[in-house]
Structure formats: structure tokens, C-alpha cells
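Asker: Now for the letters of each chain:
There are 2 protein chains.
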Amino acid sequence: MKTIAIAAPGAMGAAVGGVLAQHGARVIAALSQRSVISQQRAQAAKIVDVDEKTLCEADIILSILPPESALSWAQHMAPLLQSAPKKPLYVDCNAISPETLKQVARVIEHTGTPFADAAIIGLPPGEHNPQGPRFWFSGPHAAQLATLSDWGLRVRVMDAENGAASALKMAYAGINKGITLLTSAMLINASRVGAADALREEMQESQQALLQRMAKATPDMLPKAWRWAAEMDEIASLNQGELATDRLYQALGEICRQLAEDRQHDQQFSTLLAAFFQPEADKAG
Amino acid sequence: MKTIAIAAPGAMGAAVGGVLAQHGARVIAALSQRSVISQQRAQAAKIVDVDEKTLCEADIILSILPPESALSWAQHMAPLLQSAPKKPLYVDCNAISPETLKQVARVIEHTGTPFADAAIIGLPPGEHNPQGPRFWFSGPHAAQLATLSDWGLRVRVMDAENGAASALKMAYAGINKGITLLTSAMLINASRVGAADALREEMQESQQALLQRMAKATPDMLPKAWRWAAEMDEIASLNQGELATDRLYQALGEICRQLAEDRQHDQQFSTLLAAFFQPEADKAG
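These protein sequences, in sequence, are chains A and P. Going by this note's numbering, the first sequence opens with residue 79, and the numbers climb by one from there. Going by this note's numbering, the second sequence opens with residue 79, and the numbers climb by one from there.
Don't take each hint at face value.
Heads up, the list lumps identical chains together, so a pair's fine if it works in one copy or across two of them.
What the hints assert, rightly or not - Simulated pairs of lysine-lysine, DSS-like, Cα-Cα distance not exceeding 27 Å:
#: 1; residue 1: K255; residue 2: K294
#: 2; residue 1: K302; residue 2: K255
#: 3; residue 1: K164; residue 2: K255
#: 4; residue 1: K294; residue 2: K80
#: 5; residue 1: K302; residue 2: K80
#: 6; residue 1: K165; residue 2: K255
#: 7; residue 1: K294; residue 2: K131
#: 8; residue 1: K294; residue 2: K165
#: 9; residue 1: K302; residue 2: K164
#: 10; residue 1: K165; residue 2: K302
#: 11; residue 1: K180; residue 2: K294
#: 12; residue 1: K302; residue 2: K131
Hints were generated in silico from the structure; no laboratory data involved. Quantities reported herein were computed from a predicted structural model and do not represent experimental measurements.
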């Protein structure tokens, strides 16, 4: 029986663990330090509580964390991995830049533990995404992870080094979230000078697919703008200075912070965006 | 008979003049200083050559110029308009920011000539756009321009001040061109670390409409990157500092310049983009 350790059973980690367990894997996590909600979620997903040292006995460790914890958790686990007699394959699945990924890889590989890079693209498996997200793996040990498809995951193996899966995730998020932010900023600018109705009508005529995409993506983005800011900062570091992508994503990160601030205070930006997408509601009110 | 003056019979101006002439308007332009190509194009469109002073006798002057000429042409025409006994309606149709538009408006209105703001959205009328582009008008004199629909133009009148049509044009271009540039930059970044095939496959699965849009828009953009750079700089000035849109479009302008430079020199960026959209051609070559 295959044993897979999950760090940590958040919304994505628990749902992924649940799929693996349903398909017959033994799924473990260290839950003693976790919130009651996380413990209940893990229990519901048939994830077995173990101590941290036991995580190292798994065949595979999937690190699925808030991006800012990816490196610190690797550093925390390093001594345990160092002293483990049989090393698991450590897979970093987090939304971090290739630079950060390489730091994590160095920490883990230094303990003699094999390492792979992964990108999870899509929503957690469940009601809103029955097929589940796609797992992309890169690095010298990526090929072994193809077997995870036997345990219910949608797996793609990249013929590329560590860092490539992280770059994929960054580029994909950079495109999709970047479009939402850039478009929202332009809608706000147009609305402030009385051009909202015209821009909506023009887009209805000549950019219908994009307008529909925005009508869904913009309201979804606003409550997450703070979290997106950190992600834009990370994407800014994807580029090593030859293209101005760094400045582009720094500006998008700044726009995230401005939208988040606005939402907590006078809401002028969020009001303009709401009126753009719901002109009738606006006129009725 | 309605007389409409066009400055200048470039690709857009001549095609618009041709539509007006076909619908029975008398269309005039000052051609003596223009290239032989422009003169031939004007002649083919049934545009009548007059001297610059005679332009002021038109009912309407449509300024359709490269954006950087919008203000200087207004300044050049101001003394002639000043001394004209009957003033035409001067319509600035150029892709300029609301700030620049207001400078043009001040120059023209100072001569006692009524002024309107316009945005032309879409390709010139002709083979590739049989319906023709849409003309959006704003400002206190915009309503009079509704009659241009009798002369074959697709007209929309905005209930908004001078500057609003310019802002509409900027926002629309900012969204469409911004998406193309941002996405191209991310495709280049992903391709440089071996993630191109994965990103294409992922987008084919989850972002098909966007991928199709990019496959057309990116190659179309590359030869125009120099011209787009100036437009991005203009869009950057749309914002007056409350949102970081200025920094966002400054970065996009910089990316335009980098793509244009690359295309003239080592072509590493354009080669990566070509390979992204034509992977089979790349492998065959």
C-alpha cells in the first residue's frame, strides 16, 4: 500500500488527500498543531493523524501550503528527513516562483531526500471541480509521480527541470489574474470619466467573450485582492530583468493592494466596478 | 450638401472619407503637402483636394491623424479657424488621452470653433471590416454628429463631456492591447524555463478561447510593437495617480520597446513566441 503524507490539510490539501484515500492510498498528516476545523476536515477525508517524524516514512510527501510557508516548512522538516533511514519523495506543490522553489529544493536535497517540483492548476477536487485540478510535475524525479494517476489524480509529467512546474503555475496565474486586474483597472478609469456605458456597449458588440469573463472574474477577485497582491509580487520575481515583467507585476501587486484598501474604506473602486457589471441594479438603486 | 473635411487621408482617414463620399457627402482634404500615395488614395476615395483655408468652410472637420500629430495640427489650423467667418464643428478622432484631448479642445475653442471628442473603434471600413468601425462622440456638441449615420458611419453619441470618448478609446485599447502584451510576456517567461509545452496544453484544456485569441493577436502585435509603445505611454497618463494604472502601462510600454528591439536584433523573444504558437513547425525545423 502506498503511503502519502500531506502538508497541510487546508482546503486543497484535504481535498487532494481525500481523493488519494478514496482510491486506496494511506494518507497521513500531522494534525496535532492544526485547528479543530483542519482536524475535522482531515478526518472527513480519511486522513490519518501521525507525528511529524512519521511523515518521513511516507513514500511521497506532498507540500500543499500557503505560498509563504513553503520554505519554512521545508526547513522545519529538514532535520527529520536528514535522520530518516528511508527517504520519501518530497514534492513541493506550492504557488511559488522558480527562485523560491530552488531554495526549497536545496534545503530538501541537502538531507539526501529526492525532490520534485509541482504545480496544481484548478480548484480543489469536489463539488465545483469533480474532475479535480491538474498536477504538473517537473524535475529529475518527476516521472515516478505518474503513478499518482492510479490514486485518482490528474497527472502530467513535464520533460523539464525543477522550477519549470513552478514557472508554469506562475505564468498561468500571471495570465489569468493579470487579465482580471488590468481589465478592472481600465474599467475603473473609464467609469470615472463617464465612459462606463459606452465601454460596456462596445465590449458587448466587439469583445463579448472577454466581457463575460470579466463579469465573473472581477467580483470573484475583489475579496481576494490582498492574497493576490502577494502572488503578483511572487510572479514579478519570475523574470530576471531582461523583460519588464517584474515592473508589470509589481504594478499589478500595487493595484491589488489599492483595491483591497478601497474595499475596506470608501469603496469608490468597488462601487464603480459593481455599477459597470450591474448597470440596471445601479439605476434602480 | 454636407461638406466634411478630413485630416488626413491616411489608411483610416481615406477609408472613412470614401464611405462619406459614397453616401453623398462632399469630402475635402488638403493634399498638396501629402505623399503621392496619400494623393492617390484620396483620389480613389473621391476626396476633393482643397487648400487648408478652404477646410474651414466645411460643416465638420474630422481630425484623423497619428496620435502625436493631433495637437500640432490643431495648433496649425487655429489661425485659419480664427479668421473663418463661419466655423465648422471640429472633431478630434485621435487615440489620445483625455489630458491631451483637453489641450486640443482649448486650442480649437479659443478660436470660437465648436469642438467634439471622438473615438474610432475598429478597423477602417473596407474589405476586412465591411460594417466599418464605430464612432463614439462626447462633449456638448456630440449630439449634432448623430447625423453622420446618414452618411454611412456607425455612430454612437455618449452622454458625457469632452474627454470621455478619448477615455473610452484608451480603456478599450488598454484592455485589448494590454492583454496581448501581458500574455506574451508570460509566454516568454514560461518558454525560457521549459514550460511552454505544458502551458500550451494547460491553456488548451482550461483557457481555450484565450489561447485562440493570443494565437492571432500575438503575431499581429510584434511588427507594431514600436507604435504600441507610444500608445501604452498615452494610456499610462489616463490615470491621475490614485490607482497604479500609470505604472502598469509604463511597464507595458517598456515591454513593447523590448519586443521591438528584440525583433530587430537577436529575436530571442519573437522566436520563443513563434515556437509557442507553432510547436510543430518548430520541431520540423
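Asker: Now tell me, hint by hint, if it's right for this structure.
Answerer: Against the structure, the hints:
1. When the C-alpha separation of K255 and K294 is checked against a cutoff of 27 Å, the pair qualifies both within a copy, at 12 Å, and between copies, at 21 Å.
2. For the identical chains of this complex, K302 and K255 are neighbours both inside a copy (11 Å) and across copies (25 Å), given an alpha-carbon limit of 27 Å.
3. In this homomeric assembly, K164 and K255 never come within 27 Å of each other (Cα to Cα): the closest approach is 41 Å inside a single copy and 53 Å across copies.
4. For the identical chains of this complex, K294 and K80 are neighbours neither inside a copy (40 Å) nor across copies (46 Å), given an alpha-carbon limit of 27 Å.
5. Proximity of K302 and K80 under a CA criterion of 27 Å is satisfied in neither setting, with 36 Å inside one chain copy and 55 Å between copies.
6. Taking the closest pair of Cα atoms, K165 and K255 never come within 27 Å of each other, the shortest separation being 37 Å inside a single copy and 50 Å across copies.
7. Proximity of K294 and K131 under a CA criterion of 27 Å is satisfied in neither setting, with 44 Å inside one chain copy and 53 Å between copies.
8. In the homo-oligomer, the alpha carbons of K294 and K165 never lie at most 27 Å apart, since the shortest distance is 45 Å inside one protomer and 48 Å across protomers.
9. Taking the shortest Cα distances, K302 and K164 never come within 27 Å of each other, neither inside one copy (41 Å) nor across copies (58 Å).
10. In this assembly of identical chains, the alpha carbons of K165 and K302 never lie at most 27 Å apart, being 37 Å within a copy and 54 Å across copies at closest.
11. Neither within a single protomer nor between protomers do K180 and K294 lie at most 27 Å apart by alpha-carbon distance, with minima of 35 Å and 35 Å respectively.
12. With identical chains, the CA atoms of K302 and K131 are never at most 27 Å apart, being 35 Å at best within one copy and 58 Å at best between copies.
Violated hints for the displayed structure, listed by number in ascending order: 3, 4, 5, 6, 7, 8, 9, 10, 11, 12.
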